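Under UniProt numbering, the first residue of the sequence shown is numbered 1, with each subsequent residue one higher.
Derived by calculation from the structure, the hints in this document are not laboratory data. Some hints here could point you the wrong way.
[Said to hold, decoys possible] The calculated lysine to aspartate or glutamate pairs, modelled on EDC-like cross-linking and capped at a C-alpha distance of 16 Å, are:
id: 1; residue 1: Lys185; residue 2: Asp203
id: 2; residue 1: Lys150; residue 2: Asp203
id: 3; residue 1: Lys222; residue 2: Glu116
id: 4; residue 1: Lys224; residue 2: Glu116
id: 5; residue 1: Lys150; residue 2: Asp85
id: 6; residue 1: Lys222; residue 2: Asp85
[Claimed, not checked] The following label-pair restraints were derived from C-beta to C-beta distances:
id: 7; residue 1: Ala59; residue 2: Asp84; range: 22 to 28 Å
id: 8; residue 1: Ile47; residue 2: Pro137; range: 46 to 52 Å
id: 9; residue 1: Ile93; residue 2: Gly223; range: 53 to 59 Å
id: 10; residue 1: Pro255; residue 2: Arg147; range: 26 to 32 Å
id: 11; residue 1: Ser66; residue 2: Arg147; range: 28 to 34 Å
Note that this is a predicted model, so its numbers are computed, not measured. Note that beta-carbon positions come from the ideal geometry of N, C-alpha and C, so glycine has one too.
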Amino acid sequence: MITLAVAISVILVLVILVLLFRIQTLASVFTGSTQKRVGKSNKINAILLLSFLILGGAAFAWSYMSHRENILIPIASEHGVWIDDMFWLTMAILMIVFVITQVLLFWYSYKYQHKEGNRAYFLSHNNRLEVFWTVIPAIVMALLVFRGWKTWTTITNPAPADAIVVEVMGKQFNWLIRYPGADNKLGVVKHTLIDGSNEFGMDLTDKNVMDDFVTNEIHIPKGKPVLFKIRSRDVIHSFYVPYFRAQMHAVPGMPTKFWLTPTKSTADMAEETGKPDFNYELVCNQICGRGHFAMRAVIVVDEPEDYEKWVAKQKSFVESNPDLMANLKTGVPATTGPATEASEQDDAKKAEEIVREKAQL
1 MITLAVAISV ILVLVILVLL FRIQTLASVF TGSTQKRVGK SNKINAILLL
51 SFLILGGAAF AWSYMSHREN ILIPIASEHG VWIDDMFWLT MAILMIVFVI
101 TQVLLFWYSY KYQHKEGNRA YFLSHNNRLE VFWTVIPAIV MALLVFRGWK
151 TWTTITNPAP ADAIVVEVMG KQFNWLIRYP GADNKLGVVK HTLIDGSNEF
201 GMDLTDKNVM DDFVTNEIHI PKGKPVLFKI RSRDVIHSFY VPYFRAQMHA
251 VPGMPTKFWL TPTKSTADMA EETGKPDFNY ELVCNQICGR GHFAMRAVIV
301 VDEPEDYEKW VAKQKSFVES NPDLMANLKT GVPATTGPAT EASEQDDAKK
351 AEEIVREKAQ L
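Please model the entire structure based on the sequences and the hints provided.
Right under this line is the structure:
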C-alpha cells in the first residue's frame, strides 16, 4: 500500500508541474514575453541556416574538385563519349537548379526571419509563375530524353556490314561465348538440342554452324565495330561492360543486341590506368540468384592484327567435339528403340557430307 501511495503521489506531482508550466506559457503569451523569446531564437536559427549554406557549399565544392577525376572511369568506346557528355550535361542542369533553389531557400530563411510587427503576405497563386516552372522544365526534360533516345537508337540499330559478330548467352551462373567463324554468320541454335556438351544447342545440320567456335573469353579488335547478340538460357541477366558504357538485359526468349566500337586496347588501358594486369570485364548487373557474383567474363581488346592471329588459332566447335558429329542431332524426336547400326552409318555419312560441303565454300 505504501508503494502504491508513493507512486500515485509522484504521478500527481508530475501532473501539477505540467499544469503549472502550461499556465506560465499562457500567461507569457498575454504579456508578450513569448514574442521576445521567439524573436531571439529565430535570429540565432537564421544565422545558423545562412552559415550552413556558406560552409556546406564550400565543402561541396571542395569535395567535387578533389574527386572529380575519379567520378567516372575511363572511356573505351566511341559511343561512351556520348554517354558521358549526356551525364555531365544532366549534372550541369541539375546543379544549376540545385544551387539556385538552395541559395534562395536559405537566404529567404535568413531575410524573412520573425520580426516584431511583420506580417506574412498571402499569395494564392500566380498563373505566369506556374506556366514558367512547368513549361521550362518540360522543354529541358524533352531535350534530354531526345538526346538519350538518339544515342540509344544509334547503338541498337543495325550494325555496320563489316561488324564483328559475338554471341553471348547468360546462364546461371556464367557467360557462354560463340563466334561465327570465317563466314561471319552464326549457325542455327535450338533449345531442344542443349545438353552438357552442346550448351548453345547448335543445330549441326546447319552449314553455318560448321565454323562457329566457342571460347571462354571475349576477344574484339580495337577500332572496328562489334555486334553483340545477347540471349539468356534461364532467367534475366544483364550484359554490363562499364568501360564501354554499355548495358543490355539478357532476357529468356527475347534476343537483344547492340554494337559498339572499342577505342582502346587492353594494353592501352593498362598503360592509362597504371595497372599492368588490367582486364576489361563483362559482369552481370542483374541479381540472378545465389551465384550472381560469379557471372564474370574477361574481354580482351586486341590490336586488329593480334585479333586476326587469335581467330586463326581457334578450332571450330565441330572440330573440338567430333563425337557430336558421330551422334548427329537433327532436332527431330528420336525413336523409342535403340539406334541401329545402319542409322548410325547414315548419320555419319550425313555429317561427312556437311563437312565436305562447308570446306568447298
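Do the hints match the structure? See the list:
1. Lys185 with Asp203: Judged against 16 Å, a Cα distance of about 14 Å means the pair holds.
2. Lys150 with Asp203: violated (37 Å)
3. Lys222 with Glu116: The hint is violated at about 72 Å.
4. Lys224 with Glu116: violated (73 Å)
5. Lys150 with Asp85: This hinted pair holds, its Cα atoms lying about 13 Å apart.
6. Lys222 with Asp85: Roughly 22 Å between the alpha carbons, so the hint for lysine 222 and aspartate 85 is violated.
7. Ala59 with Asp84: 22 to 28 Å: holds (26 Å)
8. Ile47 with Pro137: 46 to 52 Å: Since isoleucine 47 and proline 137 have Cβ atoms about 33 Å apart, the given range 46 to 52 Å is violated.
9. Ile93 with Gly223: 53 to 59 Å: Given range 53 to 59 Å: violated, Cβ gap about 33 Å.
10. Pro255 with Arg147: 26 to 32 Å: Holds, at about 27 Å.
11. Ser66 with Arg147: 28 to 34 Å: Distance hint for serine 66, arginine 147 holds at roughly 30 Å.
Comparing the model with each numbered hint stated earlier shows that hints 2, 3, 4, 6, 8, 9 do not hold.
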